[in-house]
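Undergrad: Chains as they are written, first to last, in numbering that gives the first Met the number 0: chain S, 0 to 214; chain H, 0 to 329.
Heads up, a few of these hints could be off.
[Claimed, not checked] The calculated DSS-like cross-link candidates involving lysine-lysine, where the alpha carbons are at most 27 Å apart (straight line), are:
no. : chain 1 : residue 1 : chain 2 : residue 2
1   : H       : Lys270    : S       : Lys207
2   : S       : Lys37     : H       : Lys316
3   : S       : Lys144    : H       : Lys127
4   : H       : Lys289    : S       : Lys144
Source of the hints: derived by calculation from the structure; they are not laboratory data. Everything numeric in this text was worked out from a predicted model, so none of it was measured.
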Amino acid sequence: MIYIATKNRPLILLLIILILSLGCRPSAASEDWSRDPKAFVQHFADIGISQILESDNPKTEKTEQFRQLFVEAFDIPAIGRFVLGRYWRQTKEDQRTLFLGFFEDMIVYTWSRRFGQYDGQTLRLETNVPDGKNGALVTSSIIDKAGETFTISWRLRQRYQSLKIVDVIIEGVSMAITYRQEYSSVIRRENGIDGLIDELSSQVTRLKETAAATN
Amino acid sequence: MAHLYIIESSCMVFQQMLCYADWNNITANYAYGDLITGFDSGYYGGSVMCSHYLEETPITRLLIAFIMALFLLGCASKPPADNPDAPAAWAEENDPLEPFNRSMYQLDQGLDTVLVRPLVITYRVIPKPARRAISNVIRNARSPITLANDILQGEGTRAGITVARLIINSTLGIAGMFDVASEFGLPYHYEDFGQTLAAWGVNEGPFLYAPILGPLSGRDVVGLTVDSLTFDPTAWYGWADNPRWHQAVYFGVMVIDTRGNNWDALEELRKSSIDYYATLRSAYRQTRDKEIRNGAPQPIEDLPIFEENEDPFSSIKPAPPVTVTTAINE
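The shape of chain S in the complex, shown without the other chains (with noise of 0.2 Å):
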């Protein structure tokens, strides 16, 4: 034994330096917070509010930012899944990624516009309970400087390396829930997907318009 460990004593140090330095190393941390739903949804937050809605960048570098945050902390796919719902099965596989890219275009310029609009509120997380077979709920409260209050849910599911966002439920309103509400009565009116993403499209240029335009 002592030959052993005389011999690799090299070897042994590198190990205990290794298991210390990653023991303090903030990337353990962030271990924690991608498994863990309410400092999921903090760490997302602090981000946000910290990176972007307080930061003093020029307004098309934020929206780049929160594009980011937007694909990092979301599962956008398996949103889009749900919104298209039944139709989901009969789209092809261009048909998809058009409708996810636009998708993801409408959120991040529909969100982008509202920057200007933050006025120090405050993220309280409330609760945390099971949802599915490998997910949470995370409640939280948004606080203005009034005191006023209202309530924001987060859908999470684990996924492969962390979990991700998959629904925004606020004051009651699934916004998963709406937009696959509206898409369908868009798609029978269209007569199919295809309409639903030129429409998409068409609403994209004009939500990137009006974010050009305030601000």
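Got chain S; can you put chain H on it based on the hints?
TA: Positioned in the frame of chain S, the structure of chain H alone reads:
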């Protein structure tokens, strides 16, 4: 599908009946005279309210005009047959009267543009604290409706909170202008007879869209009528032979106050949607569901699921195989 049949057959019966009625006179009176102002223009023949204690209110006038229009124009549409997945989506939306509702929605949006929005903008001349006080007075004045429905739903604690709020806000809060009770830890909540019917297990009924009143359901039409005729203090005010235009003015302020309070939310919803009607319909039905659940989150089982026994939000890509990094061995 039973309710569809009933709607369709009653459409026909009513159209027959109305051939013999002086329809133009009725609609003219309701639409331009009685409807909003409540001024007596002589017509009471078709009224469902006859007792002195069930006087019509601006809300019931609107609802009567709306239901008449519904029977005249609103016949049920059939689910589209060309797309195999459309009938299920059609059923999920619960809107068999969609063509009629959409025309009422157009009318409502028109009224909103030419009448309600300009009024709200004018109303905003009043400073925000004063507007807040008016909102609070309206909330306080309608709390008997909440109280009656708390009791009808067997919600003892919530009924107690409503009573305490009514007493505290009417006195300390100076006729309800200040919501003092909230600061005492007695939060506001909203109940109506539509929610009571839901708690009693009554079905939602078809989705409806009425001008001025906005999105509704069949159940909510019954609920609004009952509340507005019985538990609503403005109805009691009408029983006491007060001038009807008092109620009309109050109703007008209530519409403007509600529209003003929802201004930003509706504006955002409108800008972010490509089919605003469908968005409003979905948001309204979800909001009602939340109110019926008294704010509890929607259980996952209630979410529309398109594959059996599958999570509606399951990942569309299977997780990549786990690759174990063996750094130490290297």
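Undergrad: Checking one constraint from the list: CA of Lys37(S) to CA of Lys316(H), max 27 Å. Satisfied?
TA: holds (25 Å)
Undergrad: Is it true that the CA of Lys144(S) sits at most 27 Å from the CA of Lys127(H)?
TA: With a Cα-Cα distance of about 15 Å, the restraint between Lys144(S) and Lys127(H) holds, given a limit of 27 Å.
Undergrad: Does the alpha-carbon distance linking Lys289(H) and Lys144(S) stay inside the 27 Å limit?
TA: holds (26 Å)
Undergrad: Keeping to a limit of 27 Å between CA atoms, is the pair of Lys270(H) and Lys207(S) held or broken?
TA: holds (12 Å)
Checked against the numbered hints given earlier, this structure breaks none of them.
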